[in-house]
Structures are given as C-alpha cells and as structure tokens.
Amino acid sequence: MPLELTEEQQLLRESVERFVERDYTFDKRTAMLAEDAPFSRELWRHFAELGWLGAGLPESAGGYGGGPVEQAVICEALGRAMVLEPFVSTAVVGAHALQMADNRELADALMPQLTEGELVVALAYAEQGARFDLHHVATRARRSGNTYSLTGDKIAVLDAPGADKLIVSARVDDEVRGKDGVALFLVDRDASGLHVGAFRTMDGSSAANVTLSQTPAELLVGEGRGLAALEQCVERGIAARCAMAAGAMDTAYMQTLAYLKTREQFGVPIGSFQVLQHRMVDMLIAVRECQSMMLMVADDVIDPDDAERRAGVAAAKTFVSKRARNVAQDIVQLHGGVGMTEELSIGHFFRYLTQFGSTYGTAAHHLERYTEITRQH
Amino acid sequence: MSLQYSDEDRAFMDEVRTWFLDNTPAHLKGEAFMFGEMSADDNVAWCRELHRQGWAAIHWPKEYGGTDWTQTRKHIFEMVRAETQAPLSYCMGVNLLGPVIYSFGTEEQKSRYLPRILNYDDWWCQGYSEPGAGSDLASLKTKAEKKDDHYLVNGSKIWTSYAHMATKIFCLVRTSSAGKKQEGISFLLFDMDAEGVEVRPIRSIDGKHHLNQVFFTDVKVPLENLVGDEGQGWSIAKYLLTHERTNIARIPMSKVMLAQVKELTTRAAGDGTVGDREQIAERLAEIEIDLNLLEFMNSQMLAQTDAGKAPGAESSMLKIKGTSIQQRLAELRLEIAGYEGYDWQGDITDDETQILTAASQYNFSRASTIYGGSNEVQYGVMAKAVLGL
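Respectively, the protein sequence lines represent chains A and B.
Take the position in the first sequence, starting the count at 1, then add 1165; the result is the number in the working numbering.
Take the position in the second sequence, starting the count at 1, then add 875; the result is the number in the working numbering.
I should point out that these hints are in silico values taken from the structure, not numbers from a laboratory.
It cannot be assumed that every hint is accurate.
Stated by the list, open to error - Estimated spans, in silico, between C-beta atoms of each pair: (1) B/Arg1075 - A/Thr1427: 40 to 50 Å; (2) B/Glu1020 - A/Gln1439: 31 to 41 Å; (3) A/Glu1283 - B/Glu1157: 19 to 29 Å; (4) B/Asp1226 - A/Thr1195: 51 to 61 Å; (5) A/Asp1329 - B/Glu1227: 26 to 36 Å; (6) B/Glu1227 - A/Thr1316: 16 to 26 Å; (7) A/Leu1422 - B/Lys1022: 25 to 35 Å.
From a predicted model like this one, the values you see are computed outputs, not experimental measurements.
Ideal Cβ positions, reconstructed from N, Cα and C, are used throughout, including at glycine.
Please work from the sequences and hints to get the whole structure.
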C-alpha cells in the first residue's frame, strides 16, 4: 500500500492543482454552465496533451505506466474545481472497460483515441427499478450472425450527452436479475434507434436518460464475464469519485474556514464561537480521513482477491459518502443564508457532494454490501 | 389538554374531516406552496377558501377573526388537516404579522389590517435579516429617519422570501443609534410598490427563486405605519420569533411528507421494494416515532400557554426537533430517489413528482436550520433562558 506519494505523483498533483486554480475558476465554471455544450472539448484536448487521460493506465494499454493512484491524484485536484469534463466516465471507467474487453481488436483500436482525447465514452448501466444492482438488467441484446442490436431503457447515464460512444450493459438471456447473461456493448452516439434525453444533474454535469430500440452495437465483453467487468469498471469509478469528493471537501473546508475568520456577528468573527470551532475541527478530520481513504481504495481496486477488493470499495463508498454528506451540510450551515444561494461556490460544493453520495450507490447500499461480503459463514 | 376525546370532539373531528375532504381541490392534494408545487394564485385562493369557513387563522383570538377552540380542538384540526393532505399554503400575514398587530397595534391598525390579512388582500413579506445582520439581528442598520409626516427609510434587507410576490412588507428598522442597539429598533409597515423599493432575486441551491434582497432608497413611510412605540421593535421581534419558531416546527408539513415518503417505499427495487432495501423502512419508522411525539409535545406546549400569549424559550426546542425531522425526511426521500431523481429539473409527471422534486426539496430543507434564528442561536437561547448558563 502506498503510504505516501512518489515524487512523480506529487508533481502530477501539483500540475493539475495549478491548472484548475488558474484556468478553472468558479466564474469560468459558472459561465460554462450557462452554455449548451455539456463540457469543453477544447479543455478536454488540453487534458490529453498534458497526459492526464493516459496517466492512470499501464503502458500495455497505451498509457504512461500509472494506475489508480495517479487517477486519484488527478481526480482529487479536478474535484477542487468541480470540473465538468468527463474524466471519470472516459479516462477511468471507459478506459478500464476497454482494458477488460474480450474484443481486443476493437479495444486496441480505440484506446489511443481515448488517451488522445478524441474519444469520449459514458457508461450506461442504471435502469429504472434496479436501485444500484449491477446485475438488474432488463435491456436485451439480440444477436444476428456477428452483429448485435440492443433494446431497452437506461437512466442517469452520466456524461452521455457529450459522449462519442456509450458502453451499455445488456443481457443475452431473459432472466432480468440473472448474473450470467450480462454482457457489455459499445454503441455509437449516432447509431439508429438511440435516443439520448439530455439533462444537467444538480452538480452541473451532464447526464441522460437513454432509450435503445434495436440499436446496432458491438460486443465488448461477452456473457459470463460481462458482469464481472461491469463491476470492476464501477469499482474504478467509485475510487476515482471518492478522490474527487475528497478534493471538493478540502477546498470547501478551506473556503468555510476563511469565511469564519472574516464574517463578523456580535462584533467578533464567528470563528471565535466555540461551537463553530468544534464543527470545523470535525470537518477537518473528515477531510483528512477521506484523503487517506482515497489512497486506501486506490490500492484496494487492484487487489486480485475478489472479496478483499469488493469489501475495500464498499467500505470506501460507505465512508466517503457519509462524510461528504456531513461536510456538504456543514459548509452550508456555517455560511448561513449566503450558503443557500447559487452565488457562492459553497452552494455548488453542496450539490456536488450531495450527488456524489448516490453515484454508484448510496452509503447505505454499500454498507449492506460490505456486511454481506465480510459476514462470517 | 386531553387526548381522551369527548363525543363532541369526535363530532368536531368528523366535521373538519368532511370539510377538508369535500373542499380540497384534487390538483392541490399534498402540495406545498414553498416547494413550488402550488401557484401563487392557488395559494391565495386556498387561504380565502379557509377564510370563508372561518378557519384562516384558528390560533388567533375569536374577536379578531380566529376561533375560541380548546387546545384539544386545535390539535384535532391540525391532525385532520395533515391526514387529509390539504394543501400547505403560505401566509406570513396570518402566521407572523397578525399576532403582532392584535398584540401591539392600535385599534385603527387592527381594523385596517386584520380583515385584509384574513382575506389575503395583501401579500406580506418579512424584512428582518440584512447582509451584515443575520444571527446578530439587533445590529441591523436599515435606517428610518423621522421627518414631518413620514419616516424616510434607507437600507437593505436580505433573504426576503417571496418579496417579488409581496404587496407589503413588515420591517425592523433603526430609528435611533443611541443607547443599546436593541433599543433603537422599531417595527414599520409599508407598501412594496412605494417609490424607492427595489427587489433583486436570489436563486437558491434548490435551483429556484424564493429569496430576494430588497433595497430601500428614500422610501417615504407614513408615521401611522409604526406598530407599537418607537424603540419597541426588538420586543415585538422577539415575540414574533417565538411564534415563528413554533410554526417553524412545521409539523403538518412533516406529516404530509411522511405519508408521501411512506408511499415511495412501495416502489420497485430489484426483486422487492425500496422499503426492503438499505434499512429504509427502519429509518422511516424512527422518523415517524419522533414526529408523533413532537406533535404531541407541540400541542402540550400550546395548551400550557394562554391564548394570545407567545410561548417562551421552549419554542426553541420545537424548532430544533422540528427542523431535524424535516431534514431527515427530505434526506430519506432523496436517497429513495437515487438515480431516478437525477433529472432534478425535468418535467414533472403526476406519478413521479415526489422523485423528481426530491433533490430540490432536500437542498431547500437545509435552510430550515438557518432561517428564523439558526439552530446555533436556538441552542444559545435554550442555554441562557432555560438552563440559566
């Protein structure tokens, strides 16, 4: 387990932090949210040029030899600015799906496009009524010769509106909750029968409810292995989003601390009140815990032992989701009325951290999973 | 108060229930103005409907258009109102200003304002907080200078809910800067369309516009619009805040929400329902137990106070418990919504209203521990006034 970052990792962190501080200000983000485009392609290409899109990928996959720790370091810094670009969907989850692909020819052709910023992907797995169960898949895949077509509905597909391709879970059998029949497919953004109903989620990022009607698709990971691949993609996504949440929490914490030192009531800075001091100390502890948890889980996601890996990820999502909710609530409470507005970044951090809480499953969902995985039999 | 209802009380309960069932418009059942589910016109129309029945302000004394009901009956009324999912209307005039007018106003002010409040002829908003005066409300700076036949008002108020819909404002203003800061505050009423009043909208984290900042530049307010004496504003404000705090427990709203969240637990989730998952049923049960007790305690507390007299510092306890319940309910609903609620500003369909509005309602629920005196202030009040610390 990496107890501290290497020099290269520290340099990577500093360079991403410098970038977001200078080029991804709150005002700039606010202006981007007013645009129709889900994110900036120009910035995305810039991310690619800086090497961030391949920084967390092994050289065998066209990356620069890094792994989940590099991804965590980048995500933590991106979270500080609540970056809208689809880093997790594409450079973490999407890249991992390509690495897991049975269809090597297809994956090897796409990977360089992804790391060079030419290919943006989004993972479409959630369905109405599925809660957060990855194996609950009603979307059907039908084979005809060597081609497949998909029919079904996916909800809350993060980053779908700006994606070039969707990675879609669909089943080849009829058992909606069966674990063996799930496979992963690639669908082109302009494929026939694909409808992408775009919206912005409360944290400002783009998402869509997606309808597929006999939509042509390419097989990425076949039945039998599909569910395991999906699960690992989601695990990578959880680790990366925990890091983003940790970065967001740290920046929101620092802004709140600065506010407590300057906002005066009763003739003194409100930070002089003991009840608020203790809450700030609780917040600091929560932030530091999450920054450590983000490195723990970056190590857990590569654990070859299934139970260890699953338990580690469930633990991290449970823990960071809970802390993120508390911190989100406290930064608003300590700012008072002005924390309730869209005018300060605090309200946006609140939304960002609130939404993180349910992405890939709530704290309660992952606590149930953790209990199930670690129960003594 | 006795919960062993008499036959007369039971008859009363039936009468109230029948009236609400017969008169609640179907499209407003369970809806709340503050959650943006009910239009301003519907809000006014529903309040007037209640007024025609004589139920617009049941807590006011009967002589001013309220009722002479026992506390038991008031408790029954609120219970039935919640149980029948009558719309949750919004009326600052009835809840906050009315008690101030009949307690501190002149006879002329009573006859001029109270009937208009009951019939919602005026939409009142509350001008309390200022950019520099939040928890420390007494440091407010909006100035009212006494001229020959009017006050000249200059300054700004913030977090003014629905100022953009209001026709009138009741305001705390500074009429003197001598002596203790609390002693120079006065309570003033004026028109929102008076010259020099400007409203700036503030969008909140629920993505909606309820809040505003209001600016006053040389606004002329007639001298007779002062309520109470000059310098009495702080006593009036404290009286009013205790009213707001009992009201802020928002027990009827929580009861409606509880019923809604309970219904959501029957939604499909995997091979079962949402209620089977993530300890959602148990968490909901805990909130229900707390809420039923709070409802009982609230009625107990009201029964212990004489009609018209504001409850004491114990009202802080109601606010603390009531806001915690509101926030926990909103949080649980957001969790139930999960991915299905991500399209938080999407078109609302009848079936999915509770899911699609879960996020914005949760976000706005965070305000309840901030407004009406933040919960930190309530703890301070309790520590000082109740514990004597």
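message: Does the beta carbon distance between B/Asp1226 and A/Thr1195 stay inside 51 to 61 Å, or does it fall outside?
response: violated, 34 Å
message: 16 to 26 Å was suggested as the range; check whether the CB atoms of B/Glu1227 and A/Thr1316 agree with it.
response: holds, 23 Å
query: Per the hint of 31 to 41 Å, is the separation of the Cβ atoms of B/Glu1020 and A/Gln1439 within bounds?
result: holds, 39 Å
field: Consistency of beta-carbon spacing, B/Glu1157 to A/Glu1283, with hint 19 to 29 Å
entry: 49 Å Cβ-Cβ, so the 19 to 29 Å window is violated.
Verdict for A/Leu1422, B/Lys1022 (Cβ pair) under range 25 to 35 Å: Given range 25 to 35 Å: violated, Cβ gap about 46 Å.
task: Can you let me know if the beta-carbon spacing of A/Asp1329 and B/Glu1227 is within 26 to 36 Å?
output: holds, 30 Å
- prompt: Do the Cβ positions of B/Arg1075 and A/Thr1427 conform to the proposed distance bound of 40 to 50 Å?
  reply: Taking Cβ atoms as reference, B/Arg1075 and A/Thr1427 lie about 23 Å apart, which means the hint is violated.
Taken one by one, the earlier hints fail for this structure at numbers 1, 3, 4, 7, listed in ascending order.
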